[in-house]
Each structure stands twice: as structure tokens, then as C-alpha cells.
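Chains as they are written, first to last, in our numbering: chain P, 1 to 363; chain V, 1 to 292.
FYI, nobody ran anything at the bench for these hints, they're computed from the structure.
Here the structure is a predicted model, which means the values were calculated and not measured.
Where is the CB? At the ideal position from N, CA and C, for every residue including glycine.
Among the clues, some could well be false.
Okay, derived cross-link-like pairs now, SDA-like style, lysine to any residue, Cα gap no bigger than 20 Å in a straight line [as the list claims (entries may be wrong)]:
{"hint": "1", "chain 1": "P", "residue 1": "K42", "chain 2": "P", "residue 2": "V233"}
{"hint": "2", "chain 1": "V", "residue 1": "K142", "chain 2": "P", "residue 2": "D58"}
{"hint": "3", "chain 1": "V", "residue 1": "K16", "chain 2": "P", "residue 2": "T84"}
{"hint": "4", "chain 1": "V", "residue 1": "K83", "chain 2": "P", "residue 2": "P336"}
{"hint": "5", "chain 1": "V", "residue 1": "K83", "chain 2": "P", "residue 2": "L347"}
{"hint": "6", "chain 1": "V", "residue 1": "K235", "chain 2": "P", "residue 2": "G69"}
{"hint": "7", "chain 1": "V", "residue 1": "K83", "chain 2": "P", "residue 2": "H16"}
{"hint": "8", "chain 1": "V", "residue 1": "K16", "chain 2": "P", "residue 2": "Y81"}
{"hint": "9", "chain 1": "V", "residue 1": "K16", "chain 2": "P", "residue 2": "E184"}
{"hint": "10", "chain 1": "V", "residue 1": "K235", "chain 2": "P", "residue 2": "L345"}
{"hint": "11", "chain 1": "V", "residue 1": "K235", "chain 2": "P", "residue 2": "D313"}
{"hint": "12", "chain 1": "P", "residue 1": "K334", "chain 2": "V", "residue 2": "S80"}
{"hint": "13", "chain 1": "V", "residue 1": "K83", "chain 2": "P", "residue 2": "G8"}
{"hint": "14", "chain 1": "V", "residue 1": "K235", "chain 2": "P", "residue 2": "E187"}
{"hint": "15", "chain 1": "P", "residue 1": "K42", "chain 2": "P", "residue 2": "A190"}
{"hint": "16", "chain 1": "V", "residue 1": "K83", "chain 2": "P", "residue 2": "E9"}
{"hint": "17", "chain 1": "P", "residue 1": "K232", "chain 2": "P", "residue 2": "L347"}
{"hint": "18", "chain 1": "P", "residue 1": "K334", "chain 2": "V", "residue 2": "D74"}
{"hint": "19", "chain 1": "P", "residue 1": "K232", "chain 2": "P", "residue 2": "A97"}
{"hint": "20", "chain 1": "V", "residue 1": "K16", "chain 2": "P", "residue 2": "P86"}
{"hint": "21", "chain 1": "V", "residue 1": "K142", "chain 2": "P", "residue 2": "G8"}
{"hint": "22", "chain 1": "P", "residue 1": "K42", "chain 2": "P", "residue 2": "L19"}
{"hint": "23", "chain 1": "P", "residue 1": "K232", "chain 2": "P", "residue 2": "N14"}
{"hint": "24", "chain 1": "V", "residue 1": "K235", "chain 2": "P", "residue 2": "R352"}
{"hint": "25", "chain 1": "V", "residue 1": "K235", "chain 2": "P", "residue 2": "L347"}
{"hint": "26", "chain 1": "V", "residue 1": "K83", "chain 2": "P", "residue 2": "N14"}
{"hint": "27", "chain 1": "V", "residue 1": "K142", "chain 2": "P", "residue 2": "E187"}
{"hint": "28", "chain 1": "V", "residue 1": "K235", "chain 2": "P", "residue 2": "E354"}
{"hint": "29", "chain 1": "V", "residue 1": "K235", "chain 2": "P", "residue 2": "R349"}
{"hint": "30", "chain 1": "V", "residue 1": "K16", "chain 2": "P", "residue 2": "L181"}
With the C-beta cut set under 8 Å, the calculated list includes, among others, these residues of chain V facing chain P [unchecked claim]:
{"hint": "31", "residue": "G164"}
{"hint": "32", "residue": "T219"}
{"hint": "33", "residue": "S223"}
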Amino acid sequence: MYVAVKGGERAIDNAHDWLAQERRGDPAVPELSVAQIREQMKLAVNRVMAEGSLYDPDLAALAIKQAQGDLIEAVFLIRAYRTTLPRFAASRPVETADMVVDRRISATFKDLPGGQVLGPTFDYTHRLLDFTLMAEAEGCDTGPEQGTPEPAIPVPHVTQFLNRDGLIEEAPHSDDPPPDLTREPLELPADRALRLQAITRGDEGFILSMAYSTQRGYGRTHAFVGELRIGKVAVTVDIPELGFAVEIGEINLTECETVNQFKGSRTEPPQFTRGYGLVFGQSERKSIAMSLVDRALRWNELGEDFTGSPAQDEEFVLSHCDNIQATGFLEHIKLPHYVDFQAELELVRRLRSEAQSQQEAAE
Amino acid sequence: MTDQSYNFAYLDEQTKRMIRRAILKGIAVPGYQVPFASREMPMPYGWGTGGVQVTAACLVPEDRLKVIDQGADDTTNAVSIRKFFARTAGVATTERTDEATVIQTRHRIPETPLTPDQILVYQVPIPEPLRFLEPRESETRKMHELEEYGLMHVKLYEDIARHGQIATSYAYPVRVEGRYVMDPSPIPKFDNPKLSGCPAIQLFGAGREQRIYALPPWTEVVSLDFDDHPFEASKAAHDCDLCGAGHSYLDEVITDDQGTRMFVCSDTDFCAGRREAGHQGRLWASQPEAAE
């Protein structure tokens with residue numbers, strides 16, 4: 001007996017109620033506050049800000065709470081909110097050379113002006129579960145004394161030292177307004193600024209795997225981490241009515257510059273080349289991966305060979321790095337497709353019956 | 001009630017203007033895929049964000065909106081999109097094809113013929129008909145520019161060589177006014193003839209792929225075929241078991257675990273309208289209140 005699928009609206013409302021209950025979990029366990037997520041799930045917040053392309057730790061924390069910790073879902077919430085926001089102004093380019101660094105390391109020099117600053121890193125932790133964190137009351141252990149922050153000393157970019165000797169390619173200064181991926185449709189070929197914009201908001205997992213593939217030989221670029229720095233930079237905006245720029249706030253950024261081998265080409269002498277990564281918040285993995293993928297995508301400009309590697313393929317990388325696009329299209333196949341499927345059913349049935357009758361005729 | 005915290009039909013006016021420009025360009029060059037700066041919508045890509053943006057750019061307060069998915073008004077995503085516009089635009093909604101001024105659809109063209117004062121908005125997943133022959137956008141755009149459609153004909157020919165017929169049953173490629181080859185969105189090829197000479201404006205929105213294209217009224221749309229293998233709009237060889245229609249597209253519904261099936265119109269409004277008019281199918285007469 002046929003019962004038409006009715007009541008979609010009620011089903012949807014009920015599903016939403018159930019989802020809200022699932023989000024809350026056991027009511028006997030205290031509810032997480034947005035501030036707790038912002039302070040104690042900082043790296044998740046950073047990832048949501050980076051891939052959501054919106055620097056707002058509170059909203060990112062809210063999105064994580066609402067999405068039950070599904071970070072791609074949280075990124076989606078942020079993106080959908082971001083797109084409704086008016087654009088007041090474009091900031092001046094942030095000056096990462098003036099960054100107040102929490103962490104700054106170079107893999108290419110043992111020591112250097114500004115020093116190696118380890119900062120808050122997992123790098124040398126032993127990955128042993130710390131069961132003391134499971135204790136109900138964590139106590140008020142504030143960790144080692146922070147002390148008064150030392151006055152910021154200048155921390156020049158490592159690549160500058162190489163640049164002085166002409167050992168690394170120039171990074172020419174440009175005042176061209178960068179393209180805006182969120183306001184113009186992506187058209188290929190893209191310039192480097194547009195590629196970097198796409199990659200910095202691209203999925204961390206995708207960019208990581210692309211970068212990893214270059215290390216394993218699919219478009220190898222022989223990267224050294226010239227410098228990785230994490231810290232605060234000031235954001236300034238020109239106020240036309242005032243005629244000067246005003247600092248409107250500070251944001252945390254991770255910047256990675258790789259130094260890559262380059263044998264030279266017909267037009268360029270052998271020198272080092274650059275890969276660049278810049279990501280919101282403390283996002284080391286992403287920024288290193290970004291700089292490797294950036295460098296791999298520059299094969300054409302540097303006169304290298306295209307070896308057919310995915311990470312060299314601008315169209316492949318840019319068309320597939322966005323996890324909101326990817327997850328939407330992937331998951332949409334769970335929506336009803338029975339009209340198409342019916343058409344396929346008819347076709348397969350007809351092909352089968354024709355094949356069968358041909359077989360019978362042959363016998 | 002319109003939700004006051006958003007602009008009419010959700011999108012801001014600048015965005016709507018940008019989309020309308022793309023629509024106008026699409027109408028001026030029928031079948032050409034116009035890039036547009038698709039926005040992130042509050043529903044996922046793949047759920048009809050392209051169609052929703054086109055609908056949002058077309059709606060005026062006097063409109064009456066119908067939303068269908070698989071031909072039905074009551075499928076969950078159709079319900080959800082209708083609710084979205086009822087909330088953000090406050091427009092009237094309807095399930096009746098002949099009452100609607102704007103119809104957003106996924107995978108079907110209504111059975112009831114459309115009229116000159118209607119707009120049909122299609123949700124499109126992959127706007128590029130050549131995509132599965134050539135994955136690169138940079139290449140396929142060139143192929144359209146040069147009208148280089150040989151690859152598509154070779155594909156159709158290979159189908160015939162292998163299967164004795166063209167083995168494409170939905171999203172069947174068409175040629176628009178003898179120029180652009182166009183993907184009609186994943187409608188069954190049964191619907192393809194309705195694309196041509198249609199009095200309504202037909203708009204196609206692909207959100208994730210950032211493309212809009214259009215068919216102005218009365219555009220000639222030809223399904224690709226060969227002289228000796230002409231295009232054939234096919235459907236299940238049955239009548240609707242509820243309304244008895246012999247010329248509508250049918251869904252196959254499995255009714256038990258013994259392989260029993262029934263066939264019903266995929267266009268729920270069309271089917272209900274026929275039953276109201278007194279038509280009865282094989283199973284409707286015996287099971288008028290089929291609500292077990």
C-alpha cells in the first residue's frame with residue numbers, strides 16, 4: 001500500500017529539536033560556555049577563523065559550540081554569517097616584520113637576529129595522555145610565571161638576510177589591490193595573490209596532503225622552513241575623513257616563509273626561491289603546508305617543468321581546496337535523486353532486455 | 001511574517017544587482033554560462049544555493065512562489081527552501097503550477113505547461129555539459145568559444161556503438177539556438193522537449209560552480225542526436241496508478257518486499273489536480289484513503 005511521504009515540515013522541525021538535544025548532551029554535565037571554548041579550544045577556534053575567513057574568536061567559538069565540534073560545520077556557519085556583513089573598508093597591508101612574536105623559529109640558521117623563540121608549541125611534548133587533566137577540579141595551576149613581557153625587539157625576516165646577497169629571489173613590492181575571491185567568481189589562470197587567498201581559507205587537511213605529496217616527489221620543491229613566526233600584528237585602516245591611518249585592533253597570525261632550491265632557468269641564475277604561507281591565529285601546520293603548495297604552484301612563473309603533479313595544478317588545487325564547497329557537493333548526494341535514478345533504471349532495463357533478446361536470437 | 005533582520009529575500013541589494021546582471025547577460029546569450037560571484041548561503045552547496053540566489057534576485061513582494069524537488073512540493077528540501085523564502089521575503093507560496101509566478105525546481109519541469117508570466121528557476125549541480133569529457137574548466141570554456149563540440153558527438157556515437165543507443169537518461173545535453181551546448185540540469189530526458197519553445201523564462205543557477213545561464217522565452221532547444229538515432233523522450237511504460245495519466249513522468253515506488261511496485265506521477269501537483277478532476281488510476285479507485 002502506498003503512503004506518500006508527507007509532513008516534511010514537521011519532520012524537519014522534529015529533527016532540529018533532536019539535534020539541539022544532542023548538542024547539549026547529558027544535562028547533568030555542565031554546559032560549555034563560549035568563553036571556555038574560546039580560551040581552551042584555541043586551536044580549533046583558530047582553524048574555524050582561518051577557514052571561515054573571519055577573525056572573530058567569540059563567533060568562531062560560538063560556531064564550534066553550535067556545530068557540536070564539527071569544525072567544517074562551524075566554518076560553514078561563519079562563512080554564511082560573514083557573507084552578510086557590510087564592508088566598511090579595506091585595511092592597510094599588515095606588517096608582519098613588526099609582529100610581536102610569541103614564537104619564531106628558523107630551520108635554516110642556528111641563530112639569527114631576533115633569536116629563536118620556541119613559544120607555545122607541541123613540538124617537543126611527549127604524546128602521553130595527561131590523566132591529570134581528567135581530574136574533576138583542575139585547580140588553579142596557572143603554569144610557569146609569565147613575568148612582565150620584555151619590550152619588543154625587532155625581529156627581521158630571515159629571507160631579508162639572504163636577499164641582501166641576492167641569494168633569494170626578490171619579492172617585488174606591489175600596491176595593486178588584491179583580488180577578492182568572495183566578491184568575484186574564481187577565474188583561471190589566477191595570480192599568486194588570488195591563489196594564496198584561496199589556499200589560506202582552504203581546508204587544512206587538503207592543503208596538508210597536497211604539501212605532503214610535494215615532499216614525496218609529486219612536484220618536489222625542496223623546501224626549508226626559512227622562518228615560522230606566530231604573534232600579534234596591528235591592523236590599520238585609512239580614514240579618508242581624517243587623512244591618516246588608525247589602528248583598529250590586533251590579530252594573531254602565523255606566517256611561514258620557505259626557502260626553496262632553484263637550479264635557475266634560461267632567464268634566471270641559480271638562487272633560492274620563496275614559498276609563502278599566512279594564516280589567521282596559531283596555525284603552524286596550515287601555514288607550512290600553504291607555503292609548500294604556493295611554491296609548487298609557481299612552476300610556470302619560474303620556468304620549471306609541469307610534471308603533472310596535483311600540487312602543481314592550479315585548477316585542480318583551487319577548485320578543490322574549499323571544504324565548504326566540497327562537503328556541500330559531496331553530501332548533497334544524500335538528497336532525493338529518485339527521478340534521475342528512475343531514468344537510469346529504465347535505461348538499464350531496456351539495455352538488458354535488448355542484450356537478452358540479441359543473445360536469444362544468436363542461440 | 002518577514003524576518004526583519006534580513007533584507008527582502010535574504011540577499012542584500014548589491015548582491016541581487018550583481019546576480020540580475022548575470023541573469024540579463026545569460027538571457028542575452030542563451031545557453032552561455034555566465035560566471036557570477038556566488039555567495040555563501042545559509043544552506044549548503046549542493047542544496048540549491050544557485051537556484052536560491054537566482055530566485056532571490058527575481059522575487060518581488062507580489063510574487064507567488066512554488067518550490068519542487070523531484071517534481072514534488074513536499075520533499076524535505078523543497079519544504080525547506082519554500083520556508084526560507086516565506087520567512088525572508090514574506091512572499092505567498094503555492095503548490096499549484098498554474099498559480100505560481102516563480103517556480104524553483106530541482107530535477108523536473110512541471111507537467112502543466114508554463115505561461116509567459118512565469119519564471120522557472122533550475123538548481124544546477126554541474127553546469128558544464130562537457131565536464132565529464134574534459135575536467136578542466138580552462139579547456140571547456142575554450143571548447144565553447146570555438147564551438148568545438150565534436151567530443152560530445154563522439155561520446156554519443158560511442159554510446160550507440162557500445163549499447164545500440166545513447167546511454168544518457170538524465171542531464172541529456174541540448175543545443176541552444178544552434179549555438180551553445182547546454183546542460184539542462186539533471187532533469188530526466190523525458191522533460192527535454194519542454195525546454196524548447198517554452199513561453200516562460202528559464203533560468204539556471206549553479207552556486208558552487210558560480211555560473212548562471214538562461215533560456216529566454218520561445219528559445220529553440222534541441223536535444224543532441226543523430227539522424228539515424230533520433231532523440232527519444234522516455235519514461236516508464238505504465239500509467240500513473242493514482243491518477244491514470246499516461247503521459248506524465250513516473251516514479252517507481254516499491255510497495256512490499258516481494259518486488260511489487262506501483263508507478264505514480266513524480267509531479268505531485270499535476271497528479272492531485274487530475275484526481276480532483278475525477279481521473280482515477282489503477283490503485284486509487286480501490287484504495288481511496290491509502291493511509292495505513
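Hints, verified against the model:
A C-alpha spacing of about 18 Å is found between K42(P) and V233(P), which places the hinted pair at or below 20 Å, so the restraint holds. Among the hinted pairs, K142(V) with D58(P) is inconsistent with the structure: their alpha-carbon atoms are about 46 Å apart, more than 20 Å. Between the alpha carbons of K16(V) and T84(P) the distance comes to roughly 12 Å, so the proposed pair stays at or under 20 Å and holds. Note on K83(V) and P336(P): the hinted pairing holds, with a Cα-Cα distance of about 18 Å set against a maximum of 20 Å.
Between K83(V) and L347(P) the CA atoms are separated by roughly 35 Å; this puts the pair beyond 20 Å, and the hint is violated. Restraint check for K235(V) and G69(P): not satisfied, since their Cα atoms lie roughly 45 Å apart, outside the 20 Å limit. Distance check on the hinted pair: K83(V) and H16(P) sit about 14 Å apart at the alpha-carbon level, within 20 Å; holds. Taking the CA atoms of K16(V) and Y81(P), the gap is near 17 Å; set against the 20 Å cutoff, the hint holds.
Our distance criterion of 20 Å between C-alpha atoms is met by K16(V) and E184(P), whose separation comes to about 14 Å. A C-alpha spacing of about 10 Å is found between K235(V) and L345(P), which places the hinted pair at or below 20 Å, so the restraint holds. Annotation: proposed proximity of K235(V) to D313(P) is violated, straight-line Cα distance about 42 Å (limit 20 Å). Proximity of K334(P) to S80(V) is assessed by CA-CA distance (about 15 Å); at most 20 Å being required, the pair is judged to hold.
Our distance criterion of 20 Å between C-alpha atoms is met by K83(V) and G8(P), whose separation comes to about 11 Å. With a C-alpha separation of about 39 Å, the suggested pairing of K235(V) with E187(P) is violated against the 20 Å cut-off. Taken as a hint, the K42(P) and A190(P) pair is broken in the structure, with Cα atoms around 33 Å apart against an allowance of 20 Å. Note on K83(V) and E9(P): the hinted pairing holds, with a Cα-Cα distance of about 9 Å set against a maximum of 20 Å.
Restraint check for K232(P) and L347(P): not satisfied, since their Cα atoms lie roughly 61 Å apart, outside the 20 Å limit. Of the supplied pair hints, the one linking K334(P) and D74(V) holds, its CA atoms being roughly 17 Å apart against a limit of 20 Å. Between K232(P) and A97(P) the alpha-carbon distance is near 11 Å, which keeps this suggested pair within the 20 Å criterion. With a CA separation close to 14 Å, the supplied pair K16(V) and P86(P) stays within the 20 Å bound.
A distance of roughly 44 Å separates the Cα atoms of K142(V) and G8(P); the hinted pair therefore is violated under the 20 Å criterion. Under the criterion of a C-alpha separation no larger than 20 Å, the hint pairing K42(P) with L19(P) is inconsistent with the structure, at around 25 Å. For the suggested pair K232(P) and N14(P), the alpha carbons sit about 45 Å apart, so the restraint of at most 20 Å is broken. In summary, the hint linking K235(V) to R352(P) is supported, as the alpha carbons are separated by about 16 Å, within the 20 Å threshold.
This hinted pair checks out: K235(V) and L347(P) have alpha carbons roughly 9 Å apart, not beyond 20 Å. Note on K83(V) and N14(P): the hinted pairing holds, with a Cα-Cα distance of about 15 Å set against a maximum of 20 Å. At most 20 Å may separate the alpha-carbon atoms for a hinted pair to count; K142(V) and E187(P) meet this at roughly 13 Å. Taking the CA atoms of K235(V) and E354(P), the gap is near 17 Å; set against the 20 Å cutoff, the hint holds.
Taken as a hint, the K235(V) and R349(P) pair is honoured in the structure, with Cα atoms around 12 Å apart against an allowance of 20 Å. Restraint check: the Cα-Cα separation between K16(V) and L181(P) comes to about 18 Å, which is no more than 20 Å; the hinted pair holds. Among the interface hints, the one on G164(V) holds; its C-beta lies about 6 Å from the nearest C-beta in chain P, closer than the 8 Å criterion. Annotation: interface hint on T219(V) violated; nearest CB of chain P at approximately 23 Å, more than 8 Å.
The criterion of a C-beta within 8 Å of any C-beta in chain P is not met by S223(V), whose closest approach is roughly 14 Å, and the hint is violated.
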